[in-house]
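Colleague: Listed below are the residues making up each chain.
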Amino acid sequence: MVGEAAVRAGCRYYFGYPITPQNELPEYLSARMLDVGGTFIQGESEVASINMVLGASVAGGRAMTSSSSPGISLKQEGISYMAGMELPAVIINMMRGGPGLGNIAASAADYFQATRGGGHGDYRTPVLAPAGCQELAELTFVAFDLADKYRNPVMLLGDGLMGQVMEPVVFPDFIDLKDLPKKDWILDGCEGREPRAIFSMLLGQQGELYYHNLDLQKKYDRITAEERRWETKNTDDADIIVVAYGTAARIAESAMDDLRAEGLAIGLFRPITLWPYPITTLRELAQKGRKVAVFELCLGQMVEDVVLSVGERAEIYFYGVPGGVIPTPAEVADFLRSVAKGDGKVGRRIEV
Amino acid sequence: MSDEVAYKQVFGWPDSLKKNPTHYCPGCGHSIAHRLVAECLDELGLRGKTIGVPPVGCAVLAYNYFNFDMVEAPHGRALAVATGIKRVHPDKLVLTYQGDGDLAAIGTAETIHAANRGERITTIFINNAIYGMTGGQMAPTTVLGMNATTTPGGRDPRLHGNPIDISRMLAVSNGVVYVERCAVSSFKQIRKAKKAIKKAFQCQLDDLGFSLVELLSPCPTNWKMSPKAAWAWVNEEMVKTYPLGVIKDETGYEDKK
Numbered sequence: 001m002v003g004e005a006a007v008r009a010g011c012r013y014y015f016g017y018p019i020t021p022q023n024e025l026p027e028y029l030s031a032r033m034l035d036v037g038g039t040f041i042q043g044e045s046e047v048a049s050i051n052m053v054l055g056a057s058v059a060g061g062r063a064m065t066s067s068s069s070p071g072i073s074l075k076q077e078g079i080s081y082m083a084g085m086e087l088p089a090v091i092i093n094m095m096r097g098g099p100g101l102g103n104i105a106a107s108a109a110d111y112f113q114a115t116r117g118g119g120h121g122d123y124r125t126p127v128l129a130p131a132g133c134q135e136l137a138e139l140t141f142v143a144f145d146l147a148d149k150y151r152n153p154v155m156l157l158g159d160g161l162m163g164q165v166m167e168p169v170v171f172p173d174f175i176d177l178k179d180l181p182k183k184d185w186i187l188d189g190c191e192g193r194e195p196r197a198i199f200s201m202l203l204g205q206q207g208e209l210y211y212h213n214l215d216l217q218k219k220y221d222r223i224t225a226e227e228r229r230w231e232t233k234n235t236d237d238a239d240i241i242v243v244a245y246g247t248a249a250r251i252a253e254s255a256m257d258d259l260r261a262e263g264l265a266i267g268l269f270r271p272i273t274l275w276p277y278p279i280t281t282l283r284e285l286a287q288k289g290r291k292v293a294v295f296e297l298c299l300g301q302m303v304e305d306v307v308l309s310v311g312e313r314a315e316i317y318f319y320g321v322p323g324g325v326i327p328t329p330a331e332v333a334d335f336l337r338s339v340a341k342g343d344g345k346v347g348r349r350i351e352v
Numbered sequence: 001m002s003d004e005v006a007y008k009q010v011f012g013w014p015d016s017l018k019k020n021p022t023h024y025c026p027g028c029g030h031s032i033a034h035r036l037v038a039e040c041l042d043e044l045g046l047r048g049k050t051i052g053v054p055p056v057g058c059a060v061l062a063y064n065y066f067n068f069d070m071v072e073a074p075h076g077r078a079l080a081v082a083t084g085i086k087r088v089h090p091d092k093l094v095l096t097y098q099g100d101g102d103l104a105a106i107g108t109a110e111t112i113h114a115a116n117r118g119e120r121i122t123t124i125f126i127n128n129a130i131y132g133m134t135g136g137q138m139a140p141t142t143v144l145g146m147n148a149t150t151t152p153g154g155r156d157p158r159l160h161g162n163p164i165d166i167s168r169m170l171a172v173s174n175g176v177v178y179v180e181r182c183a184v185s186s187f188k189q190i191r192k193a194k195k196a197i198k199k200a201f202q203c204q205l206d207d208l209g210f211s212l213v214e215l216l217s218p219c220p221t222n223w224k225m226s227p228k229a230a231w232a233w234v235n236e237e238m239v240k241t242y243p244l245g246v247i248k249d250e251t252g253y254e255d256k257k
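Chains as they are written, first to last, in our numbering: chain A, 1 to 352; chain B, 1 to 257.
Please note that the accuracy of each hint is not assured.
[What the hints assert, rightly or not] Computed cross-link-like contacts, DMTMM-like style, restricted to lysine to aspartate or glutamate with a CA-CA straight-line distance of at most 20 angstroms:
1. B:K49 x A:D145
2. B:K228 x A:D184
3. A:K182 x A:D145
4. B:K18 x A:E194
[Claimed, not checked] Estimated spans, in silico, between C-beta atoms of each pair:
5. A:Y210 x B:E237: 43 to 49 angstroms
6. B:E236 x A:S45: 35 to 41 angstroms
7. B:S226 x A:K178: 57 to 63 angstroms
8. A:N213 x B:A6: 34 to 40 angstroms
9. B:P243 x A:M201: 34 to 40 angstroms
These aren't lab readings, by the way, just hints derived from the structure by calculation.
Every residue, glycine too, gets a C-beta built ideally from N, C-alpha and C.
With the rest of the complex left out, here is chain B (with noise of 0.2 angstroms):
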């Protein structure tokens, strides 16, 4: 043996991601969203070739945060505007992340069109259910009995509308290859969604169709509790509206075990 000691890194900060400190509050589920994207456009070579659209909403300043190309988008147009970025550039990997009222609200008809084109475009939805930067108002997926400051006494589907499942509406679509709902409230989930998102990035590289990964996201700040207990939350009581798992899977990949 060499009396060399050969270290090996195992962990650092992703060239994809600047070295600013995020605004969003502690226990949000952003960074470690955005830290997920990052780390696979690193394992993945493709920084150099990314163009991101961030929504309106809490993540509108990720251009702060991402170390790529980002253009913003109005409120609910990203993956029309993603669209067009695409079509300039199909041999580029183009990305949309994107909050529940941007994409599932205000964005719906931007969204289901441009899936059901086969837009070769990848979509990180992120699922708080609640509106973040407005300061928490019923969101699309807000679930039902959940206070939001326009829900009072809890949303009940006869006032306020059912939450909707938006990745399963668009897995019914032609277009649409690969969805999967992950979380990011646990260390086991956090993992499979990074497994998810790279997957999806390699869909749209092989040319194969549009792409969505959802992530159950805490926002403790609007759900008035603990980060630790919005974790919980997710994975106790989000999960039963939205279950975790392969939504639609037409890659054809082999998952490695």
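Just chain A, with the same shape it has in the complex (with noise of 0.2 angstroms):
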């Protein structure tokens, strides 16, 4: 899925280091980078493949690499450089259970580390949350776009579940390379012109590296200004309104049609963007004496998110499965029974 998409999104460069559950990603790109002319190199580590993405991003190419949570802590080397040296690059995340090994189910355990920049330095990167297959495919442009657009690297967040799902998609067209915005600061050797140098050190006493950060700063805000993506459903009318993400949403938002046939007046809402976080619209959403009820597959990290854009304007309940555990549908709608009737015997209150 991803992989068709990146190809028709201009990507022609990807290098990965296998780990489940992604592999049918870089299984696929080995044979269509063959048909398109693009490169497919299966590193020998997760931290060779990202240092070979920030190779291919210098020298001008749409690069890529994929993996899943332990192999993404080893990514975090690179994606520091590449927001240190304003590289564009899209990384895939397919959760999984940890920490460490964990298990190969999925998971949403890394919303911290994909949202706080994970890796060394003050930096983020753009976070695109699909919640399905045609949503993978289409954001999976958005990524490219973003990451020409800012120079900077972004993260589609996805989970094991969807990594291995198959569903019916419409991909979208092919971009033609030319059509692509010309990049004037890449690095293709410096016949007529000067040499440029590409680095992220700074050690000059004239506060290079302060002014490089507070730079970045500009950048990151204006990101947060202009590249917010969420989505509603059913929120007009809705006493509770569940926030959750990816896979999560899609639960729950089976449990919310099955609460509605019941009566209860359930409303969705579903960060896309999980870095910039849409936090005035949610505190927007719950300004009417709702209560706020937050599902995660992890035991509580964009709840965080939530309790700094709703504070103390509606009541905030949690719910969460650790582990690499797929809930089903009927027990997140036992959680917002239990929230409608506030009697706190599935998920817990948030005291903010």
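Assembly of the complex is requested from the two constituent chains, each provided in isolation within its own frame, with the hints serving as guidance.
Modeller: See the structure below:
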């Protein structure tokens, strides 16, 4: 899914290291890149792969890597360097259970890592969270465009379920590589121009690193102002707003539909960009004496952004499932019934 | 005969070097190695087609001295970064310039696998048997008995392991076409080193495979020697662990005598 979408979005350079549950992607691209005259390299490690991405990016190519949680931890070095050097790239993370090797089932325990930079230094990467295969394909396009537009790594945050599930998809059309905006900063040999140097180490005594970080922050502020994405369903008349993303949002949506049939007015708020988080939209939704119910496939990470968005405007409840276990819509419905009653039997109230 | 005297320029500042004073210590081998790389690129007319990847270490700021496109790589990852660049620009000359810690410790995996893939990249490997930038700690190439700030009493194989000969290790790979070890500690060796670097670049231009030139290089500051003594130590002691000469040559080039 992501592989074909990436090729159609103009990606011609893929570097990755095998890890379950995302091997379908590199396997597909190993053949597909041959068709389109691109490069596929199975690197010797995640560390090597992300640095190959760095090289292909600085040379001007649309480059991508993919992995799953433990592998993404290893890629953080290269992601931090690319953020510092302002290099575009797309990183696919099909999250699995952790910490450590964890398990290979879907999880959402890497929200903090994805949305708070992940590696060392004061930086952010836009994080896109699709909730299904069609959106996975569409957001792959968005990811490459955002990466090039802001010269910044962009993460597509899915999970093990999404990495392996099959759904019908209508792929966006191929873009013509010639239509992509010309990059005037790349390294392609200095024939006819001054040599360029791209680096992240700024030792100068004139505050070079200080000003570089301020410039990066301005860029992050611009992304925050312009690129927040979300989806709402049934929020107009809702007494309870469920907040969930990715696979958790699809489970919550099924629970919502079941409960609406029972007469409970449930709505869904699904952030699509996890960074920047759609704070103001959620804040507005929370302002009418409603309850906000957060559901995550981990023990509480995105809930911190919900708290930052909602504050004391509404009661916040949380239900999370750890360790790569996928709950059924019925379990989430039990949580929402409990929130409606305020009996505290499923999940817990978050005190702000 | 004409009245005009025909002057021929025999020495000058290479175009491939910026006119910046370096930060290298007196007697350091980096300045010589930089100059050799620059002269070779000039003579092959490659400056405008070259993309270089320096290491993390003393040469991390090499982009201040080399007058062509350069990108910084994380410590040890130069050959992974260079791989990405070369795959986008197969018609350009891509070189890495790496020290012993970068190439043979933290970057061992990236080094071996790029070489083994036969990437069309040339590596200039500066071996000074010490971590220079961080202040004289043990390098993977520190020779037995040698003092480093983390080998009190000298490198002891039972405590600190053995010096690694990564050039010979790389030579066994089918992806590697040319490996030569030279030194920048005598005029004769400097001339040999230049020939080797040029040959390594040619090997890349001819699409033959991976090429590497190792340069034994003095570090008077961290060896706590005078520059003169440091040169002598390379020529008399270091070469016992790292003998000079061609380690592998499958280029098929006939060397001009």
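Colleague: For every hint, state whether the structure bears it out.
Modeller: Evaluated hints:
no.	hint	in the structure
1	B:K49 x A:D145	violated, 28 angstroms
2	B:K228 x A:D184	violated, 46 angstroms
3	A:K182 x A:D145	holds, 13 angstroms
4	B:K18 x A:E194	holds, 11 angstroms
5	A:Y210 x B:E237: 43 to 49 angstroms	holds, 45 angstroms
6	B:E236 x A:S45: 35 to 41 angstroms	holds, 39 angstroms
7	B:S226 x A:K178: 57 to 63 angstroms	holds, 60 angstroms
8	A:N213 x B:A6: 34 to 40 angstroms	violated, 57 angstroms
9	B:P243 x A:M201: 34 to 40 angstroms	holds, 35 angstroms
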